[in-house]
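Peer 1: The residues making up each chain are set out below.
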Amino acid sequence: MTVSLDPGTGPLLGARRFLTRETIGDHGRTLHQVDGNEWDSFYRDRWRYDKVVRSTHGVNCTGSCSWNVFVKDGLITWEHQATDYPTTGPDAPDYEPRGCPRGASFSWYEYSPSRVRHPYLRGVLAEMFREARQRLGDPVAAWAEIVETPLKAMAYKGQRGRGGFVRASWDEAIELMAAAHVYTVKTFGPDRVVGFSPIPAMSMASFAAGTRYHALLGGTLLSFYDWYADLPIASPQIWGDQTDVPEAGDWWNATYLMMWGSNIPVTRTPDAHFLAEARYKGTKVVAVSPDYADNVKFADDWLAPHPGTDGALAMAMGHVVLTEFFRDRQVDYFTDYARSFTDLPFLVTIVDGKADRFLTAADLGHTEGEHKTVLVDANTGELVVPNGSLGFRYAEPGRWNLDLGDVVPSLGLVSDDVAEVELARFDVGDTEGGSTIRRGVPVRRVGDHLVTTVFDLVMAQYGVRRGDLPGSWPTGYDDAESPNTPAWQEKITGVPARLAIKIGREFARNAERSRGRSMIVLGAGANQWFHSDMTYRAFISLVTLTGCQGVNGGGWAHYVGQEKARPVTGQQHMSFAFDWQRPMRHQASTPFWYLHTDQWRYERVPADELASPLGTGRFAGMAFADTVAAAQRMGWSPGHPFFNRNPLDLADQAAAAGETVQDYILKNLENGTLGTVAEDPDDPANFPRCLTLWRANLLGSSGKGNEYFMRHLLGVSSLETATECDPENRPRDVTWRDEAPVGKLDLLTAIDFRMTNTGLHADVVLPAATWYEKHDISTTDMHPFVHAFSPAVEPPADAHTDYDTFLALADKVSELAVTHLGVRTDVLAAPLQHDTPDELAMPSGRVRDWKFGECSPQPGKTMPKLIEIERDYTLIGKKMRTVGPLMEKLGTTTKAITVDVKPEVDYLKHQNGVIDGRPSLATADRMCEAILSFSGTTNGRVAHAGFQELEKRTGQRFTDLIEGHENDRVTYSETQEAPQPVFTSPEWSGSEKGGRRYSPFTINVERLKPWHTITGRQHFFVEHDWVAELGEQLPAFRPPLNMARHFGKPGDAVDGGVTVRFLTPHAKWSIHSMYHDNELMLALSRGGPVIWMSVQDAAKIGVRDNEWIEAHNRNGLVVARAVVSHRMPEGTVFQYHSPERTVNVPKAEKSKRRGGYHNSMTRLLVKPTHLAGGHAQLTYAFNYYGPIGSQRDEITVIRRRTQEVEY
Amino acid sequence: MRIRAQVAMVMNLDKCIGCHTCSVTCKQTWTNREGTEYVWFNNVETKPGIGYPKHYEDQERWKGGWKLDGKGRLVLRSGGRLSRLGKIFANPDLPTIDDYYEPATFDKDILVSAPGGLTDTPVKKPWSKLTGEPMSIEWGANWEDSLGGDTMDQDPNLRGLADKVKFEFEKTFMFHLPRICEHCLNPACVSACPSGAMYKREEDGIVLVDQDRCRGWRMCVSACPYKKVYVNHATGKAEKCTFCFPRIEAGQPTICSETCVGRLRYLGILWYDEDAVLAAATVPEEELLDAQRGVFLDPFDPAVQQAARDAGHPEEWIEAAMASPVWKLISEYRIALPLHPEYRTLPMVWYVPPLSPVLDAAGAAGRDDTDADDIFHTIEDLRIPVEYLASLFTAGDTAVAGGVLMKLAAMRAYMRARTLDGTVANELLDGIGMTAGQVEAMYRLLAIAKYDERYVIPAAHAKTAAALEDLGGCSLDGEGGPGMGGGPVPVILSTRRP
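Protein sequences appear in the order of chains B and U. Here the UniProt record's numbering is used: the first residue of the first sequence is 1, the next is one more, and so on. Here the UniProt record's numbering is used: the first residue of the second sequence is 1, the next is one more, and so on.
Careful, some of the hints might be misleading.
Distance ranges between label pairs, derived from CB positions [to be verified]:
hint, chain 1, residue 1, chain 2, residue 2, range
1, B, Phe-42, U, Phe-89, 20 to 30 Å
2, B, Gly-617, U, Pro-115, 56 to 66 Å
3, B, Ser-41, U, Ala-459, 19 to 29 Å
4, B, Ala-378, U, Gly-433, 49 to 59 Å
5, B, Ser-41, U, Asp-301, 55 to 65 Å
6, B, Arg-513, U, Asp-275, 37 to 47 Å
7, U, Asp-275, B, Glu-977, 14 to 24 Å
Cross-link-like lysine-lysine pairs, in silico, DSS-like; alpha carbons within 30 Å at most [said to hold, decoys possible]:
hint, chain 1, residue 1, chain 2, residue 2
8, B, Lys-1100, U, Lys-166
9, B, Lys-952, B, Lys-865
10, B, Lys-667, B, Lys-861
11, U, Lys-125, B, Lys-1152
12, U, Lys-171, B, Lys-1100
13, B, Lys-72, U, Lys-129
14, B, Lys-491, U, Lys-171
15, B, Lys-878, B, Lys-889
It is worth saying that the hints were derived from the structure and are not from the lab. This one's a predicted model, so the numbers in the text were calculated from it and none came from an experiment. Glycine included, each C-beta is placed from N, C-alpha and C at the ideal position.
Start from the sequences and build out the full structure, keeping to the hints where you can.
Peer 2: The structure is reproduced here in structure tokens:
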């Protein structure tokens, strides 16, 4: 011990003279001590805990991180990330420790005041129901009386969102719900009972609980992926695949990585380290972002295009790639790839100077050749019908493959004949449809047809001139007038042409050197625009031209709503009750809400506005609502509810008329006595009546056009500035009723563990178990593991798991059905289905509408399929609880691969136990077991059987991909123990064999398996009459919609405001609406709603940081604080996604109404090409195709308001 | 030589994504309780910015840390013993709650309990957690996040850089700076404590506040130049980051480390010579960094190992010190730097500075873009002015700060050649004075960074403490002592499958 009492350097420690276990350091600076006394017991006690339980966070986050939840004295204390993921191998970073601050703060909800612990009913409704129930003795009769008495219905609907909840018992709340559902099934039809719950992957059993219920009832289930504008429509268009992307660990394999509209540290927090780490391996990183987003700091180069102009930049890069790597110099790797794996060599007909459709074998006189596409063999110059196109898929086993044999497809025609074609451009022109430009292509005559190749069209479209082809061509990269050059994009995006050239060139050169390891990570910033499909096609062109797709470390990496339920077969068959009946009513949400929240009544953009001059005028006089109605009646896009009558009555009426159901329906449709809902959505017979939301916050997060929902769906008027469309813009085919209905919905039920904006407006709020209180399983695109939710504690008070809630509801419905429903026959109008022979219904995508006599209505061909399903409503509760007999009878079918699963049914009988001889699904963990058992990714036998089937179809070898795992399976209890790696399976397109990182389409590229498209290849050319009408057959840049022109500049009406683009990127302090109300996240952010704006825009309206501002446009109004930052570009503001209106939202200055949230500023628009269907890869599947609910094209005015706020 | 062990941390700022998971898991575990609402043992700041609490780096204002007096002796900036004793009841250098932030809470059950017939939806409005009064939120724990607001130009590290740093869109740069207690070798807080409540643990150097001895004088708060000692306003006592000692004792990483999603934290043992600390803290500013590195002892040196054995350290610790990633990053690769060495506290949390290589939105002017294989920018092109990093990490020495960036940049270029062509670009290594083997090992530690390589913490802590006990009586005899059930009993130890 040395103690110095030097007065200068030995300050107060010198006073410590009675030390026994301390060492005072030199000159008395430091005190060393061995712990010994008891003072530190506080920290030791705090760290103590009783148990650790593995769980995760479900639904709204796609990170799928495994967490350890700590429990002490029966209470959840905190959560830390699990670190026990299977390793990626010795030379790559591991997945641990996945997580983010939002997940780390979840346990705050467990005991927070935001928690919903009891069932709540809207007070006015509860009073009426209790009285009527008592008086009438029957809950269904009580419900009927309330909703059929206008004054009563008005009384409770008008109180939505205005407080006044009363507590109810669990049984009472369930009974009220069941009564409403039974009444609706009986009176209006089961398809008027609607359910919505997103993204099954992140809690499959919870999702399945409600979807299974709706499936068995005959209810309508709404889509989410397209609705969220997360679905990249370009993916089905190009690949015939919903979305398939690399796991995050595959970023490590990239050697050039562009982040395009994806703010990885914020939105892919658990994965971001792979990006940071790949840089050390020598990977170049480029950020494309309009603002200095958090990810930009990781980039070697930052390109900041004006919002929504990304497509122009990508087209210019494509111009550079085609010029330097296809024209001036050829790269064997790229050329070979293009020949084998893209539609570039295929022949397209030219009619009237416009590209028309793929030449097919039928044009060459082959029978059944309508779906077989044609190319030229470069060796012989002969026409060839190669294997792999759609025509081989269902008809000729063994020839559906990409094996070209000795054929070398000609990439471009070698021909002295040339013709000018008209090509679309959208950067100029009087309408959204833009203009055209004429450029020459080499052509050849085949019979009556003038043809060229897709490659030649693409070269022309991108403006890459070869030889002296005629037409209007750019003079060079610096030609700013000719579309798709680097200089042209600079005018549009603001990105220097020099950078567009440099990055485009580097990207391709890296792909050349690395054989395809250039990657583009895409995010919502690029995807959630109205024309995102066109933007994405420009991106995807870059990765397909450079041979990056289907290569580890390369290709597109789209991370917007990573929906991948890896055990997809079990998940879908169980969720949609395919074990009892097939199909169920899957509905595309965007057209559904466009019609049923009456947003169509406010439309000021006619459908024709979007049409290119290349089109034939087929949308003239049509509104978007008309295109919805047309797509539904032609069987392309689902329309549920479909008929303007109760579908349960149709079967009875047919029987009474002595006709088959099909004949009866066709006759009545043709004579007009039977109509469709889409053609008269404001007829009270056609309203959706009951809406149940679980795992969802429709009115606080995803509901684009929130104020329209409020008024028309709920009956709470809040639209102040929106005006209905002028008579000349009204629909042609859809009935206009002068009085717009308000309060269409009879019952809104929110099932949640926290009180959201949806809950505030609901009639019934049911308390749900949290993610730490239930059994379930989770997977994601981002990693290849399956892991579990497990209950750390029991749900408190009246809270129930989603699984138990829907079992209780089903039981109650079954009980009431004995009196009210019994056994009925339901008739479904099901759309033509992707990955089935329905894809052959409309050769070449030629459109014929039976309504106008262009053809006859033929179910399954020119209109939806008509399918009868017998429903015993008294058995719904029992069917929920067991695996139904169709599993043995029909097996499972995923992406056209059918597998006999009798062994799995037998296994489940033993594993889960039986009820009435069927495998039990009585609990959520049993449901998890069933999902895992029926899926190839988690059951090697199923994967093996599926690959055998695929081998028969293709004649190629696949079963070796599952070799060694044929007898392995992942059980639920194993997923509780640690994250489990999945098996390679025909359900997906990549291989994980040997611990390989997942990358999509590696199986296609390496095993010559066709894509699910018309040519069997990746597409540059998309054929369909509606696509042609919009001028979108080939990649092109379409700018953001000109909202100011269509709807007027919102600033015109407001003094002292600045008009800006209103963007809603994903937030740092929340996952969608979740965590916005979490006090930890509120403490780390600004404690309430904010709008980020540039220093310049703030100066224009005299606003300083943290001052209150108001944003408004025709759709609604937002009150928020300003965050002023120089990292924001002038002219654009951000309100980060889904702040809700529940925390720290004051009233608006003038209207005194509560400020809204980001979707108060938006309204839906329907892009008709997203409805196009009936043909090849454009045929419908749930969440696979359908109009996206985009929200980025919007503008708003921002002004400073008085700083006094009222709540 | 008096050999001691220090559990130290290195954070690689180049990997930090600014997510704050570390802050949340730390707060959830340690400080989400009454009295510490405003306390974040671990926080993350956006730089440039004034940080948390406001302007904490401005020692002219707060008088934290040490300085050399007129005679070249080391003195607390806040004054000597007598002057400080005089201020004991009215410390003028103490941040107020507004310098941190006033924590808010929100209405409790209004969303479900609101009576019917409202004109609008109910809403939760903000209330002060401290006073219970309605409040307007004007500042927070992370107010400047991702460069929000108008305070970043007050960052003291920007002094003299007005011509180099412009807060304009196209010239934007930022990085994140996670901070915990530095567990300094020369801790000003310990020295300033009148009660002797603060101490540096014998066995591993963790700086702690003895809650029984603390009398709430708050001199530690002022003296700490990093403002990482806080006052619990409920108990009136000081509290601070404990380096998660109950976990460290069990061989587990700190919570902020294990939950770090960016995988940027490294934990390991350093040997240092306690006898050399004072001298190292007393050298002129430009020599501080080298002097601080000079305090550390080479764990591979047999003499050091023998000294450690002689001092009672078990073999396990000697091995751990050799495997220490912290030693490698600080002393072998020399890419980790201390935060504000000029505070002279010899901080034990070091940082690899951010490469953040992005150029401005217009791209670097005047470069040759035609070579599509030459894709990286030189560090001269980088947008974070090296002077700014030097102000943070090298007491202003731009050559050292720039040298670290050169190493990182050269590593990337070297590894690109390895990855793409399998070639070894030795010419890239000449300028940074590293061998191919060193660069590849450094790359593995930074990039692949397996769990076991990031965190090398010897267990058997209690045994160590006992062996080091050279004073009367064994501390382990006490009830609740580290060897007597006082340590944690982990229900699961994190095991990772191959």
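Peer 1: Each hint should be assessed against the structure and marked as holding or not.
Peer 2: Results for each hint:
Between Phe-42 (chain B) and Phe-89 (chain U) the beta carbons are some 27 Å apart, a value that agrees with the proposed interval 20 to 30 Å. Taken as a hint, the range 56 to 66 Å holds for the pair Gly-617 (chain B) and Pro-115 (chain U), whose Cβ atoms sit roughly 58 Å apart. Distance hint check: the CB atoms of Ser-41 (chain B) and Ala-459 (chain U) are about 21 Å apart, consistent with the given range 19 to 29 Å. Between Ala-378 (chain B) and Gly-433 (chain U), the C-beta spacing of about 55 Å keeps the proposed range 49 to 59 Å intact.
Distance hint check: the CB atoms of Ser-41 (chain B) and Asp-301 (chain U) are about 39 Å apart, inconsistent with the given range 55 to 65 Å. A hinted range of 37 to 47 Å for the beta carbons of Arg-513 (chain B) and Asp-275 (chain U) is inconsistent with their spacing of about 55 Å. Range check, Asp-275 (chain U) to Glu-977 (chain B): about 51 Å between beta-carbon atoms, so the 14 to 24 Å window is missed. Our distance criterion of 30 Å between C-alpha atoms is met by Lys-1100 (chain B) and Lys-166 (chain U), whose separation comes to about 20 Å.
Between Lys-952 (chain B) and Lys-865 (chain B) the alpha-carbon distance is near 28 Å, which keeps this suggested pair within the 30 Å criterion. Using a Cα cut-off of 30 Å, the hinted pair Lys-667 (chain B) and Lys-861 (chain B) holds, with the two alpha carbons roughly 17 Å apart. Distance check on the hinted pair: Lys-125 (chain U) and Lys-1152 (chain B) sit about 16 Å apart at the alpha-carbon level, within 30 Å; holds. For the proposed pair Lys-171 (chain U) and Lys-1100 (chain B), the alpha carbon gap of about 21 Å is at most 30 Å, so the pair holds.
Pair hint Lys-72 (chain B) plus Lys-129 (chain U) holds up; C-alpha atoms about 25 Å apart against a cutoff of 30 Å. Taking the CA atoms of Lys-491 (chain B) and Lys-171 (chain U), the gap is about 21 Å. The hint holds against a cut of 30 Å. Note on Lys-878 (chain B) and Lys-889 (chain B): the hinted pairing holds, with a Cα-Cα distance of about 19 Å set against a maximum of 30 Å.
Going through the hint list in order, the structure does not satisfy hints 5, 6 and 7.
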